[in-house]
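Sequences listed follow chains A and B, in order.
So the first sequence is numbered by our numbering: it starts at 1 and just counts up by one.
So the second sequence is numbered by our numbering: it starts at 1001 and just counts up by one.
The hints are simulated quantities; they were obtained by calculation from the structure and are not laboratory data.
Heads up, a few of these hints could be off.
[Claimed, not checked] Cβ-to-Cβ under 7 Å is the rule here; a few derived chain A residues that face chain B:
| no. | residue |
| --- | --- |
| 1 | Thr70 |
| 2 | Ile74 |
| 3 | Thr75 |
| 4 | Thr81 |
| 5 | Gln162 |
| 6 | Ala168 |
| 7 | Val190 |
| 8 | Gln193 |
| 9 | Glu194 |
| 10 | Lys201 |
| 11 | Gly205 |
| 12 | Phe207 |
| 13 | Ser220 |
| 14 | Glu223 |
| 15 | Ser239 |
| 16 | Ala240 |
[As the list claims (entries may be wrong)] Derived lysine-lysine pairs resembling DSS-like cross-links, with alpha carbons at most 30 Å apart:
| no. | chain 1 | residue 1 | chain 2 | residue 2 |
| --- | --- | --- | --- | --- |
| 17 | A | Lys313 | A | Lys285 |
| 18 | A | Lys148 | A | Lys324 |
| 19 | A | Lys324 | B | Lys1413 |
| 20 | A | Lys266 | B | Lys1413 |
| 21 | A | Lys137 | B | Lys1465 |
Glycine residues also receive a C-beta, built at the ideal position from the N, C-alpha and C atoms.
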Amino acid sequence: MKITKKRILATVAATLVLAMSLTACGGGKSSEYPTKGINVICPWGAGGGTDTCLRAFTNAMGKDLGQTLTVDNITGGGGITGHQAIADAEADGYTIGMITFELATYQPLGTSDLTWESYEPLCRVNTDAATVTVATKWANDNGITDLKGFIDYCTAHPGEVQMGGSSAASVWHIAGGYLMNATGIDIQMVTYQEGAAAAVKDAAGGFIQGVTVSLAEARSFIESGDLTCLGVMSDERNSAFPDVPTCAEQGYDVQYFTQRGMAIPKGTPAEVKARLETACENAIKDAEFVEFMNNNGQAISYLNAADYTQFLKDSATDVAEAMKAVNLV
Amino acid sequence: MDFGMLITSYAEVFTSLQILLMTFIGALGGILLGAIPGMTATMGVALLVPFSFGMDLIPAIGLLLGIYCGGMYGGSISAILIHAPGTPSAAATVLDGYPMTKRGEAGRALSVAMFSSFCGGVIGALIMTFLSPLIADMAMNFGPGEMFMLAFFGLSVIISISGKSITKGLMSAFLGMFMCCVGLDPTNGIPRFMTVKQTGLLDGFQFIPALIGMFAVAEVIAGVERILNGKEHTASSNEKITSVLPDWKTIKMIWPNILSGSIIGTFIGAIPGAGGDIAVFVSYGASKSASKHPERYGTGIPQGVAATESANNGCSGGAMIPLLSLGVPGDAVTAVLLGAFIMKGIQPGPMMYVSELHTVYKVFAALMLSNLCMLIVGCLGVRFFAKIVSVEKTMLYPIILVISLLGAFSINKSVFDIGVCVAFGVFGWLMNKYEFPLSPILLTLILGPMCEKNFVRFMNIHHGKIFDIFQSPIAMVFLVVAIGTIVFSIFNQRKINKREAEARANGGSQE
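Same shape as in the complex, but just chain A:
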């Protein structure tokens, strides 16, 4: 018996040694980046649109990188605190983050010096288009059935129609300004510091005439029939709402959307950046991520690092223009 016990012990010990040496081998192989977990900064609160999208995406990135990515919500100051934290982080590739549409508004507003040039963009992950969504009862009372009807009504009644668009200087607020610039109408944007849900509720309750928020945010009331979406400000229909037409289909070429993408601090080594870009490229195709985004009604719209950088550059000027229309600057 004793001998057997010893043998078992020996076998266990040998296995352990073998296992340990194998692990050590593994360790040696991954002396390349990344050798430890990566911290991911989310500039918006836990449970929100950016947070849920980012958590699903980092989960997929982690599979490719073979490391754990931990999301850290650094919130406050309209996203500035978190955006600043990404820009200020050590440029070693172990802190990355998600940058959002609002980044383009800080400099025009004068609240921060941050711009897209404060980062090395990695990829664009998601875009959600703004919409022209109105209270069904109000639309019926005024015989509005499509976007043209809405525009005509607004032209005949300048400054009367009130649309809700999330908090001041948020993407949906500015989308209203963009709509005015593009169509020449005059509507009043009402701000909702509490976020899109509050604006949607007030529109469905008849306190304001409509909202410019995304389809995902207005979804429950569109499905119940309290709200009607007249047009999506995008080049193609939303796959979750195939019946809702785009503005372009109805002869108004207005495209406006929020965007979210990954970025790293300036000065990150080129090989680290290249590795992260590959991870992003693979993560975007991850089946679990794709299914999650579809359930969530959020559109995946990938751009690689070079295209994303160009996109950020172009949109900075567009955003500043639209902000003038809603008297933000």
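Since the structure of chain A is provided, determine the placement of chain B on it from the hints.
Here is chain B on its own, set in the frame of chain A:
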């Protein structure tokens, strides 16, 4: 209402081992998180949402609701024992809970808080089960004007929580109002009272660091002062905790407060944008106004604890109503819960009662279960928690200080907020020293932004015509109730002062 389905849903939830286990874990975690100042139920729910990815919907919801309910009660533990509300919703529990501890009745205060929390939660869940569609319709009628008047009504409670001097109470309230002005203007996003680059102040003074500062840190400073003056006595730990539930005499005394608190909590919780932090003060004010002995409020009576604790747990049921039936979250926790539903492919909203009625009923059952789990964990914990009071003060204060500063930091992971917390601590200590009440500041910090946003929004929509507000019957009801509250509280306070003067003249022999 489909009663057959309701019963089968309850049966399914209460017999599933996985759901029972998850909800129990949630309640335990929630109570512990809630008891630590700075760690809120919102944070707990947000942290656990990713873990619930792999679970089925109802166990996941049970876990999250367990944290929600547990956190609501947990906040009162530290409020009662160490004068540091663990969550904003426990802020009013300090008023009567802490004086009870000082008198050596910590165990009794805890059991009253737990029993009231449980009753509040159950009544809230029952109202939610049977009146959801009705209350959801009511919530839809709350526009900017109605919200403004609701906030105004909330502010009218200030007088009844002012303590001895209404003047000092109003001074505190106006100071609080003034503090609300710091940060980005909610309508146009223009920075106020700050130089451009102070990002830490863009959202104004962060509420939780300010709350922790004014209560916990201020109490530590005051405690150190007492130790230095040799006036500190370690609270008597001799209290015999014979039963973890309040005795029959106490229950008979507090049941009207529990009932009114639960109903007030549920209805305020059901209004999107108004939550437990408002409901507790309204409920406290209401129960003080209705009492024959308003002068006893604030001196450590179980009625005060019952009024606030039933209200904040009633809120959890209330907040679920707009979440499920409108898809609009009633507070921060339900906002995170909304995300959890969507992740499972279920869109809460008007259609949920049509297409997912079975799920809705299971959520009702899960909420009921969460409250039961909270009661069980709470009962097991009372004896243990009450021991904290007998810890040597020279050891307790440094621990409280460290936990407080950690909590202030962890809300936004901001070093700036530690500064805010310490500054409010010194401020709160000075206020106490000169007998300015802190609760009015707290209430204005909560209601100020709500008042401003909705007022400006109303004026915006109505092109500056303020008198349009008279066209809204709901707003008018709130206005009338608010004016009534103000008049009544002034009258009440006079009566209290007169009685106290008489008592003093009689050499205090009245007691």
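Exercise. Does the nearest C-beta of chain B fall within a distance shorter than 7 Å of the C-beta of Lys201 of chain A?
Worked result: holds, 5 Å
For this session: Tell me if Gly205 of chain A is really an interface residue toward chain B, meaning its C-beta lies closer than 7 Å to one of theirs.
Result: It holds, given that the least Cβ distance between Gly205 of chain A and chain B is near 5 Å, below 7 Å.
Problem set entry | Lys313 of chain A paired with Lys285 of chain A [C-alpha distance capped at 30 Å] | Holds, because 26 Å separates the two Cα atoms, which is no more than 30 Å.
Exercise. Taking 30 Å as the top limit, are the C-alpha atoms of Lys324 of chain A and Lys1413 of chain B close enough?
Worked result: Measuring from Cα to Cα gives roughly 34 Å; hence the hint is violated.
Exercise. When the nearest CB of chain B is found for Gln162 of chain A, is that gap smaller than 7 Å?
Worked result: Interface hint status for Gln162 of chain A: holds (6 Å vs cutoff 7 Å).
Problem set entry | Hint check, Val190 of chain A versus chain B [nearest Cβ-Cβ separation less than 7 Å] | holds, 6 Å
Exercise. Given Ala240 of chain A as an interface hint, is the shortest Cβ-Cβ distance to chain B below 7 Å?
Worked result: violated, 10 Å
Exercise. Does Ile74 of chain A pass the interface hint, meaning its C-beta sits closer than 7 Å to a C-beta of chain B?
Worked result: Holds, about 5 Å.
Exercise. Quick one, is the Glu194 of chain A hint okay against chain B at 7 Å, beta carbons?
Worked result: holds, 6 Å
Exercise. Going by Cβ atoms only, is Glu223 of chain A closer than 7 Å to chain B?
Worked result: holds, 5 Å
For this session: Double-check Gln193 of chain A for me: the hint is only fine if its C-beta lies closer than 7 Å to a C-beta in chain B.
Result: holds, 4 Å
Exercise. Given Ser220 of chain A was flagged as interface, is its beta-carbon under 7 Å from a beta-carbon of chain B?
Worked result: Holds. Min distance 2 Å.
Hints 1, 15, 16, 19 from the list above are not met by this structure, while the remaining hints are.
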